[in-house]
Amino acid sequence: MRRIDHAEAASQFIAAKAHQEFHDRRLWDLRLKRDREAHGIPEWEELRALASQIKEHTLARLSDYLEEFESRVKENGAHVHWARDATEHNQIVYDILSTRGAKTLVKSKSMLTEECDMRPFLERRGIEVIETDLGERIQQLDDEPPSHIVVPAVHKLRGDVSDVFARTIGAQPGNDDIHYLAETQRQTTRPYFLRAQAGMTGANFAVAETGSFVVCTNEGNADLSANVPKLHIASIGIEKMIPRIEHLGVFIRLLSRSALGSPITQYTSHFRAPREGGELHIVLVDNGRSERLGMRDFWHSLKCIRCGACMNTCPVYRRSGGLSYGATYSGPIGVIIDPTFNIRKYSNLPFASTLNGSCTNVCPVKIDIHEQIYKWRQIIAERNQLPFVKKEMMRIAGKVLADPKLYRAAVSAAGLAIEHLPRFAIYNWLNPWGRQREIPEAPQQTFRGWYLEHRGRP
Amino acid sequence: MTSRDAILAAVRANQPTPAPSLPEIPVFEKMSGSLLEQFREALLRMGGKFVDPPNGENPDRFIRSLFPEAQVICSASSEVIGTRALNSGCEPADLADVDVGIVRAAFGVAETGSIWLSEQDLRVNALAYLAQHLVALLDPGDIVGNLHHVYRDPRFKTARYAVLVTGPSATADIEGVLIHGAQGVRSLTVLPVSRPADNRASV
Numbered sequence: 001m002r003r004i005d006h007a008e009a010a011s012q013f014i015a016a017k018a019h020q021e022f023h024d025r026r027l028w029d030l031r032l033k034r035d036r037e038a039h040g041i042p043e044w045e046e047l048r049a050l051a052s053q054i055k056e057h058t059l060a061r062l063s064d065y066l067e068e069f070e071s072r073v074k075e076n077g078a079h080v081h082w083a084r085d086a087t088e089h090n091q092i093v094y095d096i097l098s099t100r101g102a103k104t105l106v107k108s109k110s111m112l113t114e115e116c117d118m119r120p121f122l123e124r125r126g127i128e129v130i131e132t133d134l135g136e137r138i139q140q141l142d143d144e145p146p147s148h149i150v151v152p153a154v155h156k157l158r159g160d161v162s163d164v165f166a167r168t169i170g171a172q173p174g175n176d177d178i179h180y181l182a183e184t185q186r187q188t189t190r191p192y193f194l195r196a197q198a199g200m201t202g203a204n205f206a207v208a209e210t211g212s213f214v215v216c217t218n219e220g221n222a223d224l225s226a227n228v229p230k231l232h233i234a235s236i237g238i239e240k241m242i243p244r245i246e247h248l249g250v251f252i253r254l255l256s257r258s259a260l261g262s263p264i265t266q267y268t269s270h271f272r273a274p275r276e277g278g279e280l281h282i283v284l285v286d287n288g289r290s291e292r293l294g295m296r297d298f299w300h301s302l303k304c305i306r307c308g309a310c311m312n313t314c315p316v317y318r319r320s321g322g323l324s325y326g327a328t329y330s331g332p333i334g335v336i337i338d339p340t341f342n343i344r345k346y347s348n349l350p351f352a353s354t355l356n357g358s359c360t361n362v363c364p365v366k367i368d369i370h371e372q373i374y375k376w377r378q379i380i381a382e383r384n385q386l387p388f389v390k391k392e393m394m395r396i397a398g399k400v401l402a403d404p405k406l407y408r409a410a411v412s413a414a415g416l417a418i419e420h421l422p423r424f425a426i427y428n429w430l431n432p433w434g435r436q437r438e439i440p441e442a443p444q445q446t447f448r449g450w451y452l453e454h455r456g457r458p
Numbered sequence: 459m460t461s462r463d464a465i466l467a468a469v470r471a472n473q474p475t476p477a478p479s480l481p482e483i484p485v486f487e488k489m490s491g492s493l494l495e496q497f498r499e500a501l502l503r504m505g506g507k508f509v510d511p512p513n514g515e516n517p518d519r520f521i522r523s524l525f526p527e528a529q530v531i532c533s534a535s536s537e538v539i540g541t542r543a544l545n546s547g548c549e550p551a552d553l554a555d556v557d558v559g560i561v562r563a564a565f566g567v568a569e570t571g572s573i574w575l576s577e578q579d580l581r582v583n584a585l586a587y588l589a590q591h592l593v594a595l596l597d598p599g600d601i602v603g604n605l606h607h608v609y610r611d612p613r614f615k616t617a618r619y620a621v622l623v624t625g626p627s628a629t630a631d632i633e634g635v636l637i638h639g640a641q642g643v644r645s646l647t648v649l650p651v652s653r654p655a656d657n658r659a660s661v
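These protein sequences, in sequence, are chains A and B. Each residue of the first sequence is one higher than the one before, starting from 1 at the first, in the numbering used here. Each residue of the second sequence is one higher than the one before, starting from 459 at the first, in the numbering used here.
Treat the hints with care, as some may be off.
Calculated pairs, DMTMM-like style, for lysine to aspartate or glutamate (alpha carbon to alpha carbon, straight line, at most 20 Å) [as the list claims (entries may be wrong)]:
(1) K74/A / D463/B
(2) K615/B / E70/A
(3) K488/B / E37/A
(4) K615/B / E279/A
(5) K366/A / E482/B
(6) K33/A / E499/B
(7) K488/B / E43/A
(8) K488/B / E46/A
(9) K615/B / E68/A
(10) K17/A / E633/B
Keep in mind that the hints were calculated from the coordinates and are not lab data.
With the rest of the complex left out, here is chain A (with noise of 0.2 Å):
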């Protein structure tokens, strides 16, 4: 399978230049939206912490709660389905659907759903599936994935959105007006929650104790798409279980406020039974969490509540766009989570983040994210699937690191080239720090020179 390669794609995008700056400035303010709303809350710092308990206890105890969550859908008279991968959770869908001759299906954003890439698969057998979210709608039609998981089409333009809309649902040529785009949607899109047999949705939080599960969306999709078809599908990831009903004032009092900057989403919806003459059934699914749930390193991503925060936050993301990360999840959360699907082809992504560890002190779960990123560096290395280049600059890099005298030589040799080597010299394949940007001005004098010539010799 082919390796990834995120730097390649990452200036391609930097190559769209509105592009690249309009996404920059508006993944930043939802990061400045998210401080507000976070210092406006005293125990914001506790409710991360309990956020964080919260969810290692469960992670600790997943089976017991799964069999709980399991007992209690039961009596509510609704259907529990188990997937341990992508194509046992198609099936299970695709059944569902099929024996109850539904042909349409209207759907809520699920990340889930994207990573087990559902909807090729229904198509292929004849269901036609809307997506009905905005943002994810405007990716179904012009065939990509998701860039981003709370807002999916972020990396295109208002342009963009007028071609794609006019090529597919018959929006006017060159109207370009944002009311008018997702106007066109709504009247495109409610012919089909009318007729639909039935709905999807993800989950945000599935409650043990009562057998419920939370959806949290602005536009009310998730809800049309329960509410008026009488089949309701719930696809939902095994870590997304909390034990308590009262857990979850600690988690939607985080979740939106970290996204989005607003101190909750417009609806947050509880389905616990079946409506009256109504079916409802969960699809539980593993595909890989509970191999990650053993990896000491790696376990604690399964806390990830899928807000967004890290992402947002992100200089490396925010520059480089998420479908460069050529995954499913992309940006910090991303990075960690890939490699435990398929280490060789996301084995560039860890090195898609300066450490920096923004997306640690934003993550509203307190997942070590930065750590993890660099634990999957050693691991990456350790197990050859370094790039060449990468490998030897890194090699040499260490010997020189290691050795004092071989490292003042090359400081002092460093300075000296910046200043006097020809720039094809520098700013080539071999360094790619210099592609986008100028390698900064050596001082006169190295630190040790000064420390000698100020404080005497050591």
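Here the structure of chain A is known, so what remains is to put chain B in place on it, guided by the hints.
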């Protein structure tokens, strides 16, 4: 082995030990001042409207005056008649032409400006989403402080469906520009109207 048993066995084998204990969740109640005023401010921030009917005004007539163009007004609350009766047996899709839906909120949340609705309040859940506009009656005495209070409410254990509605349907998926009425209602209006005396429920 069934998939269920295989997943549970793998989880059991891999889950980290020992399990840290489950923390107690405080209520973090530091609210001071009027819950109604905080509710109103939070609701406005989320794009909702808060309209106080004039003293003694009949809510039915008042709502009609707020939506003079509305053809179909459909109420899940017996306090408002509207133009079309809502019977629990109707198909959700039958509500596609409703201009204004009306509901009595079980309670409100000062922290976020949310109202809490269940299938008991909505009768047909889709009313809150297929209608073009939603109007909610809220007793000012039915407002709790923050979300920790909300999630101590026992009704979560009996409601089939419960939703915290905070403002109208919204999206900012194109260039971060805020649009109301993305998929669900285009507006949410909350009227502070006390419950009829025979219908008071404690929160």
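A quick look at each hint next to the structure:
1. K74/A / D463/B: holds (17 Å)
2. K615/B / E70/A: holds (15 Å)
3. K488/B / E37/A: holds (16 Å)
4. K615/B / E279/A: Within the cut-off at roughly 19 Å; holds.
5. K366/A / E482/B: Given pair K366/A, E482/B holds - Cα atoms ~18 Å apart, limit 20 Å.
6. K33/A / E499/B: holds (18 Å)
7. K488/B / E43/A: holds (10 Å)
8. K488/B / E46/A: holds (14 Å)
9. K615/B / E68/A: Cα-Cα ~15 Å, so holds.
10. K17/A / E633/B: holds (15 Å)
Of the hints listed earlier, there is not a single one the structure fails to meet.
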